[in-house]
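We have chain A; now place chain B onto it with these hints.
2 protein chains.
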Amino acid sequence: MHTLTKQPTSFLDAITGPAELKQLSAEDLQKLAGEIRQEIVSSLSRTGGHLASNLGVVEITLALHRVFNTPQDQILWDVGHQAYVHKMLTGRRHKFDTLRQFKGLSGFVTPIESEHDAFVAGHSSTSVSLAVGMAIARDHLQQYHKVVAVIGDGGLTGGMALEAINHLGHIQKNVLIVLNDNEMSISENTGGLALYMKRIKETFFYRDIKEKLDSIEGSLDKVQLNAGIWDMILEVKKQAKERFDTPGIVFEKLGINYSGPIDGHDVNAVIEAFEAVKDKSAPQIVHLITCKGKGYQPAEDDSIKYHGVPAFSLEPQLSEKVDASPAKPKPKTYSDIFTQALIDVAQEEPNLVAITPATAEGSGLVKFGKAYPERFFDVAICEQHAVTMAAGMAKAGLKPVVSIYSTFLQRAMDQVIHDVAILNLPVVFGIDRGGLVEDGETHQGVFDIAFLRSVPNFTVLAPKDAQELRDMVFTAVKESKGPVAIRFPRDKAVGATIIGDTGETQSSKPRLIDPTAWEILQPGKTAKEGRKPAVILAYGAMVDAARQSLELIESDEKPILVNARSAKPLDLNMLSGFVRDGYDTFITVEEGCLSGGFGAAVLEWMSTSGQEIADGLPRVFPMAIPDQFVEHGARAILLDLNGLSKEKLAERIKKIVSR
Amino acid sequence: MHTLTKQPTSFLDAITGPAELKQLSAEDLQKLAGEIRQEIVSSLSRTGGHLASNLGVVEITLALHRVFNTPQDQILWDVGHQAYVHKMLTGRRHKFDTLRQFKGLSGFVTPIESEHDAFVAGHSSTSVSLAVGMAIARDHLQQYHKVVAVIGDGGLTGGMALEAINHLGHIQKNVLIVLNDNEMSISENTGGLALYMKRIKETFFYRDIKEKLDSIEGSLDKVQLNAGIWDMILEVKKQAKERFDTPGIVFEKLGINYSGPIDGHDVNAVIEAFEAVKDKSAPQIVHLITCKGKGYQPAEDDSIKYHGVPAFSLEPQLSEKVDASPAKPKPKTYSDIFTQALIDVAQEEPNLVAITPATAEGSGLVKFGKAYPERFFDVAICEQHAVTMAAGMAKAGLKPVVSIYSTFLQRAMDQVIHDVAILNLPVVFGIDRGGLVEDGETHQGVFDIAFLRSVPNFTVLAPKDAQELRDMVFTAVKESKGPVAIRFPRDKAVGATIIGDTGETQSSKPRLIDPTAWEILQPGKTAKEGRKPAVILAYGAMVDAARQSLELIESDEKPILVNARSAKPLDLNMLSGFVRDGYDTFITVEEGCLSGGFGAAVLEWMSTSGQEIADGLPRVFPMAIPDQFVEHGARAILLDLNGLSKEKLAERIKKIVSR
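Protein chains in written order, with the working numbering: chain A, 1453 to 2111; chain B, 1453 to 2111.
It should be emphasised that the hints constitute simulated quantities derived from the structure, not laboratory data. Treat the hints with care, since some could be wrong.
Where chains are identical, the list cannot tell them apart; a pair therefore holds if satisfied intra-copy or between any two copies.
[Stated by the list, open to error] For lysine-lysine, the following DSBU-like pairs were computed, each having C-alpha atoms within a straight-line distance of at most 35 Å: (1) Lys-1547 x Lys-1977; (2) Lys-2107 x Lys-1555; (3) Lys-2107 x Lys-1984; (4) Lys-1822 x Lys-1944; (5) Lys-1933 x Lys-1555; (6) Lys-1944 x Lys-1730; (7) Lys-1961 x Lys-1819; (8) Lys-1961 x Lys-1555; (9) Lys-2107 x Lys-1977; (10) Lys-1930 x Lys-1977; (11) Lys-1819 x Lys-2106; (12) Lys-1933 x Lys-1547; (13) Lys-1625 x Lys-1822.
For reference, chain A alone in the conformation it holds in the complex (with noise of 0.2 Å):
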């Protein structure tokens, strides 16, 4: 399956910068096209990454290398996940075998990385306000570079994009923007926006005008009129066809000068199209159509399947099938669960409801807009409106759930706190990747249980494996009076056994808990009379971690394990319960940031109502994620590298005990 025949990339080869481009002619630059579609589809078929988004934009990419210079010209890809070709372009070609791994190629830009990358991009919409900001710096710096934002339009519906559009149609800076126009995001593309792009052909008020115009050449057909007068005519419609068939006339409104629609795969039209704006002063959008996918057939068919990959096998033409039989069906992931679950609720809820911001492929969320279309709602990427949209709808007597990576719920926090909790609407936030992720720093879902726990009227949950988190949905669904947060890792959903080689998972009709009451797993022991042994409190995924590294540690002394699947509240009959009987060592394990966490709500409880008390608190000792961004790579790495991994957590574990 890995022994891709090597196709000759004579051209890619000579590459070693940007610099090289230059010299290439048209057809040479077209032909290095395919060999990096070629290079891509290979090396991602052995690593995984963004497939579909960067067979998209090889010939843009070549075109803004051959006409602008990198590094001292400004270009900010936003997401950063379509800039493949441009790595390879400038000089990390050679790295892309370590793509997303710990320690490689990251799958995103990064100045750290390369001079090349003029900013981090992780996550989507922020390429313009950068572009601003940038164009700002150097005018006042009288610098002279040039400076460009690639934006697609799935970001282009991100409201922070459009906030920036507003403001550079303001202050007139030098700013190009690349709109990469193929019709969808990470998901299909939603909203008006993107409806006024493909309705390009449909214009009423063209309409209008040409039907007027048809009817007074019709009645002109009766006198004599001379040759230019119907030149005069036949110009006005033509003008008043293009500028109505282009989408060009709402950024021209809002003072962007607007060029396109031009074929973003012919090489030789996007430089030109670039050279044509490159000097001008104001700012500039020149808008792209190119096909996510492009060149690799199965890509080009299912752009959705392939946006992110894990490695997969070269399909028909690209490879020999190494291994004919079907791929081993694969455990269910937390996403899965959690949709399905949904599913299942739905059946009996008619009023529940689903909002995702364009991550319906990454939640899983598609097989509930297949199942209940009429209540599935993805609103593109916007977190902001996605959130406030819930609350209107929570307030209107529906039973919203928005599916939303934590990650990204940052972008919502100012709606979770305002729009939601304020009037304690019962919104659902199934919280997908709370935890590290393998894409690194600008992905990590580490604050989201430190945010969610500071606002009031919340409740923070983590279901320890497939089962809970189905009782969690279920229980917060049907019973919640208030927001309910249910957050899940990037990871396999332990306990989601497969039945046969169907790939099912089976599971237990959901039962209705009570999700913040904590369960006792595991009774502890200790050696020495009269002392109580350790505490361990375990929040959601890391249930299972500490449920392991206890198996490792071989010791008269053995914790108490406690599924603690309520970050907030606290469950306080059972934690004021355990202080009572003279338990004095708590350890709290989570996979969030330290800082204001789970371990932290345990200490400011044990603080403040331990000023009801003499002295001598219980000691707490809180295991999560210090205080630095996180790089990428696998989960299970990650994990390690911040404690987690039950070997680090049964060798901490160990020392407290024993002290």
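Below, chain B without anything else, positioned relative to chain A:
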């Protein structure tokens, strides 16, 4: 000053609810509008409040309640501070004397106060998202009421509103957007969209078409044509003009049907406009042109000054001036000190730029804008864009300072993490309104310490007084290598001495300090041999409160008072020194949420560094704002309510010290 001659208000007196409006003639409604204006001016002259914006929406509010039926129909007031007229018409007129007072009428809308308030609103740009959510709910539940979002042109600059409009254009729900266009948000409005709306009269494309058609007409003059053809040509010209003379085209392109612009002070015209669209099933936008401060000359002339006013003396035409002597110079606020510090530092630092998201007035930054117009950026209500633009500026070599209210920073948490902190960029955040404010739940600035503390690379400072704020700004701009937040409350600055009667504040030259080193301000004393006094670690504005509380304590025991000006990093030198020396009681005091705040930081450090210590950790008693939303009222009252007034602090400290 408060003895306003009571004007006759015969129409207003007769209104007990919206139903009575349905009986009034257009003429009477216009008279009622006059009475309402009179009452608002008179009432706010006593209580203070949002004057200009409410004077601007009198007719719109009358028309809304005339055409729609609350509480069945849902009217969503964006921002909520322009809903005073709505409150008067929905049974709350008699409570206006308690406006924004503790336990009095809220300054914003909230369903807790009245069933006529469809939702809570204090922050901008949420209404369209809420309307979309409520319209989806209505249709799903097979209800038939109307959903109306009332949003200003300022609110429309917020990315979230643009996200919502984009989505609404896509799903085509029955929502009416009432655009109240007064060409400004709190500060002057900014952005391509605002410019676009102003450009109504100068559409280039229409001019093109018109010239061409004129030229055709000219040629046609020479031949004989029947009148029908001429009519048709005129009709084409008229339609082209209509379509291009209005801002409608941008909205229509996005899928929202547009009507307007309409004079928003002609109550009859507004009623007609609402009647014309109210039974349409597709989304509609009605564009109303209004004048902030309408009908009260001083407010019309300076609507920014009269945006939110403290109680004021009525100006010429509405009152006799009781007290003609000039008002006493007021002590400077922290906002004033912050701005002055920026202006002073900007003299030495040519690359310092200041950024505000539409709060130039409230933050005092207008003065900076006057001093350095080229280095001042008001980006409109775009917190996200403001922060990421600043990140771009910092990366490109400027020294950006973002002035932002604590509550609005919640809109930009992802940008703080993803765009500023990951690259450790030297962006300075001046966090105004950090702490309790009179506006209530929606505006409390209580989450910033906890939020920012959890973000790696951040330094989180708070000054104890005016001079320290100056020093912090100076030091942060000059020396910081990464992001620095400096937070201060909305209040008079401690130590800002007024010189003479000019209102000028004595301020020494700002100094470079080590802002992360805490200072011992007062030594403590103990009664018992060998026992160490308690240590108060007070943060920011709470230093002065704690100092005053200690003056109230008559005891042989007195805690040490520390100015703990950096919540992150903690001064570990001082802290571990105390612990080493046997100090065993610490009290943290902060004007922020308990959960994850400064007190939690000290607790976390004790417990983690404590993993090295055998036993008997010092006790930490955190004093902070408990886990609940805080209502509106004077800051002093709210501090007391939350146990942070000097009296309450004294009580609590005494109890701990004497335990």
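query: Which numbered hints turn out to be false for this structure?
result: Numbers 1, 6, 8, 10, 11 - these are the hints that the structure violates, sorted from lowest upward.
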